[in-house]
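Chemist: Going by our numbering, the first residue of the sequence shown is number 657, and it counts up by one from there.
By construction, these hints were calculated from the structure, which means they are not laboratory data. Think of the CB as a built atom: it goes at the ideal place given N, C-alpha and C, for glycine as much as any other residue. It cannot be assumed that every hint is accurate.
[Stated by the list, open to error] Label-pair ranges, simulated between beta-carbon atoms: (1) ARG743 with GLY687: 29 to 37 angstroms; (2) SER724 with ALA673: 32 to 40 angstroms; (3) GLU704 with ALA673: 28 to 36 angstroms.
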Amino acid sequence: MRRGPLTVTFVPAAHPAPPQVAYAIGRKVGGAVVRNRLRRRLRAVISELAPQLAPGAYLVGAAPAAASLSFGELQAIVTEALEAVARNRS
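Work out the full structure, taking the sequences as your base and the hints as a guide.
Modeler: So, in structure tokens, the structure goes:
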């Protein structure tokens with residue numbers, strides 16, 4: 657599910673298990689410092705939303721524009737993308 661500069665891909669789990677989240681942040685986003693900062697911010701957003709996540713595997717991808725978003729904007733986009741993923745799987 658693409659929302660702004662973020663993409664969230666979901667694969668449901670075959671059996672109940674905690675959700676697993678991976679991050680794909682390429683070099684086009686910026687240097688290592690920029691990529692790691694974005695990854696930490698995404699982890700913080702996902703950890704707040706973790707109780708709402710369905711069991712399965714999530715891949716969160718980021719385009720270069722994601723690095724310039726504020727935490728609030730990032731939070732809103734991730735929340736919207738995860739809600740869209742939940743709607744599509746039901």
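Chemist: Now look at each hint and say whether the structure bears it out.
Modeler: Hints, verified against the model:
no., hint, verdict
1, ARG743 with GLY687: 29 to 37 angstroms, "holds (36 angstroms)"
2, SER724 with ALA673: 32 to 40 angstroms, "holds (35 angstroms)"
3, GLU704 with ALA673: 28 to 36 angstroms, "violated (20 angstroms)"
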